[in-house]
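Participant: Top to bottom, those sequences are chains A and B. Per this note's numbering, residue 624 is the first one in the first sequence, and the count goes up by one each step. Per this note's numbering, residue 624 is the first one in the second sequence, and the count goes up by one each step.
By construction, these hints were calculated from the structure, which means they are not laboratory data. Check each hint, because a few of them may be wrong.
For identical chains, the list gives no copy identity; a pair is met inside one copy or between any two copies.
Stated by the list, open to error - Derived DSS-like pairs (lysine-lysine); straight-line CA-CA distance at most 25 Å:
| hint | residue 1 | residue 2 |
| --- | --- | --- |
| 1 | Lys737 | Lys860 |
| 2 | Lys1319 | Lys860 |
| 3 | Lys1186 | Lys1162 |
Each chain, written out:
2 protein chains.
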Amino acid sequence: MLSRFIGLRRFFSSHSKNVRVAADKRTDIVFGANTDVGKTLVSAGLVRAALRRNTVHYVKPLQCGGNDQEFVRRHALLQPRPSNALSAEILFQWDTPTSPHIASRMENKPQSDKHVMEAVNKVLVETTNRSGPVTTIIETAGGVLSPSASSPNNTSARHATSETGWGWIPQADLYQPLLGQTPVVLVGDGRLGGISATLSSLESLLIRGYDVTALVLLETDYDNVSAMREYVSRGHKLRAGNGETLFSNPNDSVMSLPAIPSDPQVPLDEWYGSDAVKERFERLDDFLQQSWEGQLLDLQSLRCTGRQVLWWPFTQHSQVQRDNQVALVDSASQNDLNVLVDGTDGICLERVSMKDMSGSEGTLGIGHGDSSLALASAGATGRYGHVAFPQTVHAPAVALGQTLVGPRGPGQGWAKRVFFTEDAASGMEAALKMGMKTYIKRMREEENESIEWVICGQENSYHGGTLGVMNATEPSFFNDGQHPWYECKGLFLSVPTLGFRNGVLSISFPEGSELEGTQTTFESIDHVLDIDARMISRKLHSQYRELIEMQWLVYEHSSVNKKISSVVIEPVLSAVAGMSFVDPLWQKALIAVAESRNVPVIFDETTSGLQRLGVMSGRDILREDPDIGVYSKLLTGGILPLCATLTTEEIFETFLGEDEAMAMLHGSSHCAHASGCTSALHALHAYDLLSEHSRKAKVSPRMLSTHIW
Amino acid sequence: MLSRFIGLRRFFSSHSKNVRVAADKRTDIVFGANTDVGKTLVSAGLVRAALRRNTVHYVKPLQCGGNDQEFVRRHALLQPRPSNALSAEILFQWDTPTSPHIASRMENKPQSDKHVMEAVNKVLVETTNRSGPVTTIIETAGGVLSPSASSPNNTSARHATSETGWGWIPQADLYQPLLGQTPVVLVGDGRLGGISATLSSLESLLIRGYDVTALVLLETDYDNVSAMREYVSRGHKLRAGNGETLFSNPNDSVMSLPAIPSDPQVPLDEWYGSDAVKERFERLDDFLQQSWEGQLLDLQSLRCTGRQVLWWPFTQHSQVQRDNQVALVDSASQNDLNVLVDGTDGICLERVSMKDMSGSEGTLGIGHGDSSLALASAGATGRYGHVAFPQTVHAPAVALGQTLVGPRGPGQGWAKRVFFTEDAASGMEAALKMGMKTYIKRMREEENESIEWVICGQENSYHGGTLGVMNATEPSFFNDGQHPWYECKGLFLSVPTLGFRNGVLSISFPEGSELEGTQTTFESIDHVLDIDARMISRKLHSQYRELIEMQWLVYEHSSVNKKISSVVIEPVLSAVAGMSFVDPLWQKALIAVAESRNVPVIFDETTSGLQRLGVMSGRDILREDPDIGVYSKLLTGGILPLCATLTTEEIFETFLGEDEAMAMLHGSSHCAHASGCTSALHALHAYDLLSEHSRKAKVSPRMLSTHIW
């Protein structure tokens, strides 16, 4: 049960061949702070130095005009190394000496990102599976954010697109699937203005998650290398996404190269042959090798250290006896996790790209590693840091509030207020307080001790690990025995679920409640979700309603002091120990019962909301408004914790009064943190695009995870 | 009471003069993607266009060699405008045509950031308080991240420093205090490679929170403007930190200028005078003005919209009747919030920089708007997006775990395990489950229904708004009446607090518990915190202990079925409705009582931990190890929600077993989110620097907030 819940089986098998991750299979990727800063010069020098020990493969994935591999061959391959010690290739080539996105359009030779990256990956699989030590040097084209090739197949929301529809992305986005296993050498700009150019391109690489191992600059009169060393030696060190500080040894990691002859006609053989230049490149190669080996040691110990120091949720640690039971995720890109697994040789690691099924079931809305999302989130941190929220406004919080209750938000048509918390459990705890207090007010009841206020919910629900939401579920694996304070605070109804039985989509009724003579099979999910059509014959709805009425009556009458004061529904998707698909018609019937009794309805849409079901809220399927709705998981595009509890104005007004103690005294320091709010605005816009896309394509509502571009 | 709690009085009065924020007082700041991309050219054109309507003030804060204000005067000021329509000034000047950080060192003419920004602010106060419409154009020097001037007074952890100790920061960091009220015109790079340079510098501005309103490029053969328009028109639009999408009108906001004469000897009068150039600059000025007015309208409505749509925590909304009761925070920088308040004229807004007291009491550890923190956080998003955590490792989570239990972490010496949650309440709920279950196991008790497991805590505590932690406090304003499920689950002891009475630091004992003949006044806080010295005479400790023993006995005996199964302590600082300073000797005595009864001790250090008291954990003051410690607020440098519950191996082992249901089934989707973990690593390193700094300066432990550089 637990293993289902925690999604141990969350990885599909790999959809590409494994890349070996080994000390003698180092791959560097060379980026430039600009065009014409000496990328090929550095690549050739690096190839030459690496050839001291290893065979070397040089790759130029995208080449527009010229031929860098010839330059590299000419300057790198020296006697006495045999000529087959060096292999070099250009993967895609255009004649026009301009940016690849232009050249591919002008020459009508498109190359999609997918195609380019498949070719790059093929090279990596081949080189890392060669016997013997091999160094691979990948040289990018232009600056870090220079465009990739364009293609009519580059059509995702992250592609910049011309009127003719040929899209491109910046190269640092293109190569992002490689990150982690390809340490970056950034060739900085040694000229006047070069400090800014170098630092900015470094930042662009960092926000995309790259390991930038070394920074190399060609010397000019400006001594930019000293400024860079001063910068990376600050107290607040630059830190990469994997948590490591960068450039801890500035003398090795930030390096200058002697100036090249100012006359471009002078050949560079002499420069490469000089002791100073040779010494620098060899030092650079040694440093890169050392860093790579250190990084591998760290990666190899990560699962073991994790097992020693981490306490995972939903994990019986006594069952995690071996490192290979732990998933080592080194990076993620779009829908994939890059997982390192033990290699077939029993020594090395191997890198596997796997579909992120756990994310798809929860947090993966906009794809991993989207630079626009990382940038938006960082922008909010840069602008606000964090601002304490009570009685304060900042633009992202207000805009997010407006969006959530606005025409395209989940609260459209019913919600007026947004209450922020940090996570789904806390947002649901707030919802329970709001719902129960509102019922008490509606019924003009006193909160006297003789009445026990309870809720009515669905069986097999999970709303989080805090006590209030534990109490809002029936006794189960997840609470019984977990907490001495756990008490089942309500009536929890068994639910009719939908699933395929013998290939037919049909309703399974809870045991003992078989409903006779009702339609229980469906042609498609769309038919199940078409509540309007299903309400034409109201029979099943009435049966459901009667059944619920009866259970409710029995419950309240068998324990006279208990009073149901809120109904909690997880619309359509119920998420405990996997997902189950609850008949929305039954939920509609439950809402009818609640309404007839003036009991507020809470939608826990932390899993199902925000386009997970192809609609922003289950309201659009059930065609019933809740009083309170709770949204989380996908809210920030999955990257940060944030939760929004939406309510009607009536619920809000329950907490108004003369008395300060009547106010909602629920919150914590990071309430409505700016990064979360800005990320959420970005993600909600992406989901909007998605639903527009579905509408245009006349695709019926589906799970978001199958839709990610 | 509420107003104290929510920190309505959290703002000190302004420490600088107000800047008016008005439609006819627009200030633009011109940044360049590089040196020599045409910043001064664009500034002059913009000044010229703005002079159509307004008087204009041009400012070059830092000038090294040359004289840009002469160029601007020459090309911008045309008949028939009177010559006093344009004023122009250079604030700080060096002769050497190089980067300011070099020029200031070479010429031995330092200028500190503080000094430069005071001068810039003075200009803004003067120009925005002029009568009549005025446009101010601030032109930066070099590229966005080109260094500022250096000075021996630039010594913070964000300063890059030479061996001689003269520090500098990138210019985009220098001007960050202005953000929000100074829309940026970014002059891009129209040359080959310029797409990358332009995009990277744009990203550097965005992660620092700037509003980048317009992008201007000088035309060359490469048509970079088309690429930029394609890029900003992507589905995943660029989004600024304030949540707004950028460049929604690419035809106006991304603009090219006709190429300038290739011969640098040809004067530019003709170019500026041409219809095409004039038209572009006038369009740019119109667009900037329009955007500025739109932005002001948004800002002016923000408090009202916020009041309509937001539901603030800890706020009795019926008492918030007017917009001016709401703080409008437009940005934050270092220790200051930039707050917009109603101007004295009753129409405009004014911008006030205020010390962030609410942050200082909670989340402000590393200062607002630190670019290294924004970058680290974004890097983690770029690299991992989010990775589901159960049975998974990623580098930042493991590294953070190691750091927290490592030699400089709060768990040093006692904690072995780290359990992550999203916020302090959830982390404390986990701690309570852990503590109580461990006690039950220690005592080999059964969890039978006849025993009610309770806790012992301090009066006047607050651990969050979820039910479990509400139950772990005595009935009060914050729970009684808030939740029908609230039950007081324990013994809550009145605490002796410390404060100044008639100028003397002394202990206030709870009513009815005056302890006779004990030392109750102290020379300094250091004396209060020096537990070793205070333990030499054990008298007060013994008195405390006896008192606690007695209360404990009375409690357990008066209700035979209640059993105290955990003790919860907020070391030294207790934070409800403001902070109170609890006598640590009393807390030490409480721990002694707990230990004698085998009851686990939980430190709620969510407020007091992580250097807030000059030590990582109250353990270093109390000289007692807890079994469980909870850390949040400052953990991520304050920017993101994250909480770490640290435990001993014994506590962890309580949850081991054959049975999956024995595991800790507590958690939510964003557990150990990578951004939070990487930010925390960054912040903890900063706190390390801080404590080193204090040690070197022989400063005694103090509140972190007084220490921020």
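Participant: Take the hints in turn and mark each one as holding or not.
Facilitator: How the hints compare with the structure:
{"no.": "1", "hint": "Lys737 <-> Lys860", "in the structure": "between (35 Å within a copy, 22 Å between copies)"}
{"no.": "2", "hint": "Lys1319 <-> Lys860", "in the structure": "between (48 Å within a copy, 20 Å between copies)"}
{"no.": "3", "hint": "Lys1186 <-> Lys1162", "in the structure": "neither (29 Å within a copy, 54 Å between copies)"}
Of the numbered hints given earlier, the model fails hint 3 alone.
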